[in-house]
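**Q** Take a look at the letters that make up each chain.
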Amino acid sequence: MNTLDMALQRLQEIAANPRKILDGYLAQGKKVVGCFPIYVPEELVHAAGMIPMGLWGGQVTPTIAAKYNPISTCSVMRSCLEFGITGKYRGISCAIMPMLCDTFRGMSAGWRAGVKDIQLAAFIHPQNRNDTYAQYFLTAEYRALAARVEKLTGEKVEDDKLSASIEVYNLHSKTMMNFTQVANDHLDVVNPIIRHAVMKSAVFMPKEEHTIAVQEIIGELNKLPKHDWKGKKVILSGITAEPNEFLRIFVENNIAVVGDDIAQESRQYRTLIPDGANPWERLSGQWMNRWGCSTVHEKQFSRGKMLVDMAKDSGASCVVICLMRFCDVEEYDSALIIKDVKEAGLYSLCLEIDQSTQNNEQSRTKLQSFAELE
Amino acid sequence: MSEVKDTPIESSPLPAPKPKRPLPLSRQMVNEQTAKCYAEAWAAKENGEPVGWSTAIFPQEVCEAFGVPVLYPENNAAAISAKHLGDPFIEHAEGAMGFPINICSYARLNMGMADVLDNPDYKADPAMPRPDFLLLANNSCTQLMKWYECLSEALNIPIFFVDCLFNYYEEEPAFYKVKYVRSQIENYIENMEKFLKRKLDWDKYLEVQKRSQINCQLFNEIVDLNRRTPAPMSGFDLFNYMSCLVLCRGKESTTEIFKQLKAEVEENIKNNTSTFPGEEKYRVHWEGIACWPNLGFNLKKLKEYNVNAVMNGYVTAWDVRYAPGDLDGMAKAYQTSSTNSLSTPTIMNKRVDSIKNFGCDGMLCHVNRSCKLMTFHIFVGREIVESNAHIPVANFDGDQSDTRIFSEAQFETRLQGLVEIMKEQKEGAV
Numbered sequence: 010m011n012t013l014d015m016a017l018q019r020l021q022e023i024a025a026n027p028r029k030i031l032d033g034y035l036a037q038g039k040k041v042v043g044c045f046p047i048y049v050p051e052e053l054v055h056a057a058g059m060i061p062m063g064l065w066g067g068q069v070t071p072t073i074a075a076k077y078n079p080i081s082t083c084s085v086m087r088s089c090l091e092f093g094i095t096g097k098y099r100g101i102s103c104a105i106m107p108m109l110c111d112t113f114r115g116m117s118a119g120w121r122a123g124v125k126d127i128q129l130a131a132f133i134h135p136q137n138r139n140d141t142y143a144q145y146f147l148t149a150e151y152r153a154l155a156a157r158v159e160k161l162t163g164e165k166v167e168d169d170k171l172s173a174s175i176e177v178y179n180l181h182s183k184t185m186m187n188f189t190q191v192a193n194d195h196l197d198v199v200n201p202i203i204r205h206a207v208m209k210s211a212v213f214m215p216k217e218e219h220t221i222a223v224q225e226i227i228g229e230l231n232k233l234p235k236h237d238w239k240g241k242k243v244i245l246s247g248i249t250a251e252p253n254e255f256l257r258i259f260v261e262n263n264i265a266v267v268g269d270d271i272a273q274e275s276r277q278y279r280t281l282i283p284d285g286a287n288p289w290e291r292l293s294g295q296w297m298n299r300w301g302c303s304t305v306h307e308k309q310f311s312r313g314k315m316l317v318d319m320a321k322d323s324g325a326s327c328v329v330i331c332l333m334r335f336c337d338v339e340e341y342d343s344a345l346i347i348k349d350v351k352e353a354g355l356y357s358l359c360l361e362i363d364q365s366t367q368n369n370e371q372s373r374t375k376l377q378s379f380a381e382l383e
Numbered sequence: 046m047s048e049v050k051d052t053p054i055e056s057s058p059l060p061a062p063k064p065k066r067p068l069p070l071s072r073q074m075v076n077e078q079t080a081k082c083y084a085e086a087w088a089a090k091e092n093g094e095p096v097g098w099s100t101a102i103f104p105q106e107v108c109e110a111f112g113v114p115v116l117y118p119e120n121n122a123a124a125i126s127a128k129h130l131g132d133p134f135i136e137h138a139e140g141a142m143g144f145p146i147n148i149c150s151y152a153r154l155n156m157g158m159a160d161v162l163d164n165p166d167y168k169a170d171p172a173m174p175r176p177d178f179l180l181l182a183n184n185s186c187t188q189l190m191k192w193y194e195c196l197s198e199a200l201n202i203p204i205f206f207v208d209c210l211f212n213y214y215e216e217e218p219a220f221y222k223v224k225y226v227r228s229q230i231e232n233y234i235e236n237m238e239k240f241l242k243r244k245l246d247w248d249k250y251l252e253v254q255k256r257s258q259i260n261c262q263l264f265n266e267i268v269d270l271n272r273r274t275p276a277p278m279s280g281f282d283l284f285n286y287m288s289c290l291v292l293c294r295g296k297e298s299t300t301e302i303f304k305q306l307k308a309e310v311e312e313n314i315k316n317n318t319s320t321f322p323g324e325e326k327y328r329v330h331w332e333g334i335a336c337w338p339n340l341g342f343n344l345k346k347l348k349e350y351n352v353n354a355v356m357n358g359y360v361t362a363w364d365v366r367y368a369p370g371d372l373d374g375m376a377k378a379y380q381t382s383s384t385n386s387l388s389t390p391t392i393m394n395k396r397v398d399s400i401k402n403f404g405c406d407g408m409l410c411h412v413n414r415s416c417k418l419m420t421f422h423i424f425v426g427r428e429i430v431e432s433n434a435h436i437p438v439a440n441f442d443g444d445q446s447d448t449r450i451f452s453e454a455q456f457e458t459r460l461q462g463l464v465e466i467m468k469e470q471k472e473g474a475v
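Line by line, the protein sequences are chains A and B.
As numbered in our numbering, residues 10 to 383 make up the first sequence, in order.
As numbered in our numbering, residues 46 to 475 make up the second sequence, in order.
Among the hints, a few may not be true.
[Stated by the list, open to error] To spell it out: a stretch of chain A is covered by chain B in this simulated footprint if at least three of its residues, at any positions, have a beta carbon under 8 Å from a beta carbon of chain B; those stretches are:
1. 46-60
2. 69-80
3. 290-300
4. 361-373
[Unchecked claim] Computed, partial: chain A to chain B, Cβ under 8 Å:
5. Gly63
6. Arg114
7. Ala118
8. Ala131
9. Ile133
10. Val191
11. Asp194
12. Val198
13. Asn263
14. Phe335
15. Glu340
16. Ser343
17. Ala344
In case anyone wonders, no lab produced these hints; they're calculated from the structure.
Even for Gly, the Cβ is constructed at its ideal location relative to N, Cα and C.
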């Protein structure tokens, strides 16, 4: 096995075994903080000397979570609650949850009622970002969040440490965006499953460590000759695009992923933390600059055009919406995205993602039909 | 057999339709007020003046003071759904427009309507004119923000947004949260002045604030009258007067309606009568938005089982209380008045107090497919109610507008079950 294969295999293993990774951190005496999707300021956790780990649920049929979750709860949140109640996240010091949608508003109580061993540190982003006090509010909210986390973990955030963590995170974001570019020249190696593993492993690893791993992969890829991909190319959009059984349909049909707007993947990395003297304001400034996301209010809907531009820039002929079941914010956007994509003369596909009862046969039929198009 | 054979057909006509009870004066006044609001909006539109569409718990005081007509899509969707006229709009939103079935049915209905506003065949009852601006407060839910983004995009009109945040814990809103909301109200006034190209009359603005407080206070007093046993009102009556607080919270005509309603309720108390059409054997607390398309069926069954839903938390969502002139107070009130702006423990402990105050024997919860957050409150809050109020809780599935969710059989079965437990508890208590 060569260096590239070994590096990719390592990230695949990490992406597939978060519990093992968590146990490793705990065995080393490290404190771990769970971070719900998306836009949790992980830098605060990092600066406090703890490990931020993403909580993205997993393939499970929730049973006990149904006590606190109506059936129409977003699929990823139901599995998170199921894992929380059944002890899959045991050992985590606390969990940070952003109030980005109605499911989070409800889950903040559901989690507190059902998961007694992992305390919740909730916070909220301002949505009216044009207002004079929006960033002032978020800066204060981040400080309040840090105080909450400190109360639950005993670990404090110092300004200089936060500044250093911001640099770590910005370097990681740049590295990830670089990877998505380099990967497009090597679609024979970086298939949709491998691409996803590189992305997903980031949510479970310290970012400085992940940066080194991805930089190594980029270095090895750059040593290879560019590959001329003859199959179809697509852009993925949505909250998550998994499990591997779902992505395998892309591989089987010779469809490459050449860009993504997946919340678990690139969506987190495309907006850097701005420069500045005050690290708290820098951190809140990142939210003020975010765009093209279902959880971020904008004066004008930019996501459809963003996806069209991404497709055109990377030679993709189709935007695939990986629609998380019962994710209402994504459901609203999906209708507008499809309209913009169609108007641009591109194909669009809407495939359902459901962590509780993932059945890929509809997706298979749609992707097979797309693959057969001239 | 011979009796049937001998009976001439002419002698067994269909029973004459039951004459409708005349509406009480207060209801007639509500209908007139609502019709006037819509007429004024249409008249403004025809005169080339701006018309707004607003979310239900927005700082209405500003546009009321400006004298700009504003209509409320949530209220409109409820009215259309109660008349069973919503399906074509919902179908249009899901079909031609491609919105998924899982999003809020008020949103689907309204976005479907918004897409056909310029269609010469456009008709609805009540019909809203094309808006020129949108007023958005997300204190009821986050879906409102997405819904209004879609409207803004489709109609190419601006949104005036007051982000009310969400109180995820049980503590009072921190000062920096109030400051952010206050700032938005101030900026909204400034931006509306630019949009309308005229200045706000601050004296009138203060008057509207005072009037709004009088109306909220009066409504609370009326609701409180239902604490009496037996209740002077069917709890469902309260749904009929909510439009006054949504559409006309700052208007004097609402004061007149509430005074009349209060007099009617007091008359019932004096005469020991009630608008509840059955015998009130059980008193329940209703949780959630009404099943508007099934309101009649729900009331019929409640009557059949002698259950009066004497109180419901939904109608208290417009209890936006502050001291007139206190902008921080107003900001905080809009942050905390809605059921859905508060954490589940906060809201469900309020329900516990209300259950005790109104002497309820049970709680009947509408698991509304459209309203995720209210449904979360019900799922997580059930334990709070059962352990703190010591009453049985029953859920049923339904929807505020989508007619495909509610099941008459399930509603009756769940109600029966609740009645049985309430009966046992009452008998056990004797």
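**Q** It remains to establish, for every hint, whether it holds in the given structure.
**A** Evaluation of the provided hints:
Coverage of the stretch 46-60 of chain A by chain B is violated [criterion: at least 3 residues with CB-CB distance below 8 Å; count 0]. A stretch counts as covered by a chain when three or more of its residues have a beta carbon under 8 Å from one of that chain; for the stretch 69-80 of chain A and chain B the count is 4, and the coverage holds. Counting residues of the stretch 290-300 of chain A whose C-beta lies closer than 8 Å to any C-beta of chain B gives 0; at least three are required, and the coverage claim is violated. For the stretch 361-373 of chain A, the assignment as covered by chain B is violated, since 0 residues bring a beta-carbon within under 8 Å of that chain's beta-carbons and 3 are needed.
A hinted interface residue such as glycine 63/A counts as satisfied when its beta carbon comes closer than 8 Å to some beta carbon of chain B; here the least separation is about 20 Å, so the hint is violated. Interface restraint check: arginine 114/A against chain B, minimum CB-CB distance 5 Å, threshold 8 Å, status holds. Interface restraint check: alanine 118/A against chain B, minimum CB-CB distance 3 Å, threshold 8 Å, status holds. For alanine 131/A, the shortest C-beta to C-beta distance to chain B is roughly 4 Å, which falls under 8 Å, so the interface hint holds.
A hinted interface residue such as isoleucine 133/A counts as satisfied when its beta carbon comes closer than 8 Å to some beta carbon of chain B; here the least separation is about 5 Å, so the hint holds. Taking 8 Å as the C-beta contact cut-off toward chain B, the hint placing valine 191/A at the interface is violated, the least distance being around 35 Å. Using the Cβ-Cβ criterion of 8 Å, the hint placing aspartate 194/A at the interface with chain B is not satisfied: the shortest such distance is roughly 35 Å. Interface restraint check: valine 198/A against chain B, minimum CB-CB distance 36 Å, threshold 8 Å, status violated.
Restraint check, asparagine 263/A versus chain B: the minimum CB separation of about 28 Å is more than 8 Å; hint violated. Restraint check, phenylalanine 335/A versus chain B: the minimum CB separation of about 6 Å is within 8 Å; hint holds. Interface restraint check for glutamate 340/A: the shortest CB-CB distance to chain B comes to about 4 Å, inside 8 Å, so the restraint holds. Because the smallest distance between the Cβ of serine 343/A and any Cβ of chain B comes to about 7 Å, under 8 Å, the interface hint for this residue holds.
Interface hint status for alanine 344/A: upheld, as the beta-carbon distance to the closest one in chain B is roughly 4 Å, under 8 Å.
Figure legend: structure checked against the earlier numbered hints; hints not met, in rising order: 1, 3, 4, 5, 10, 11, 12 and 13.
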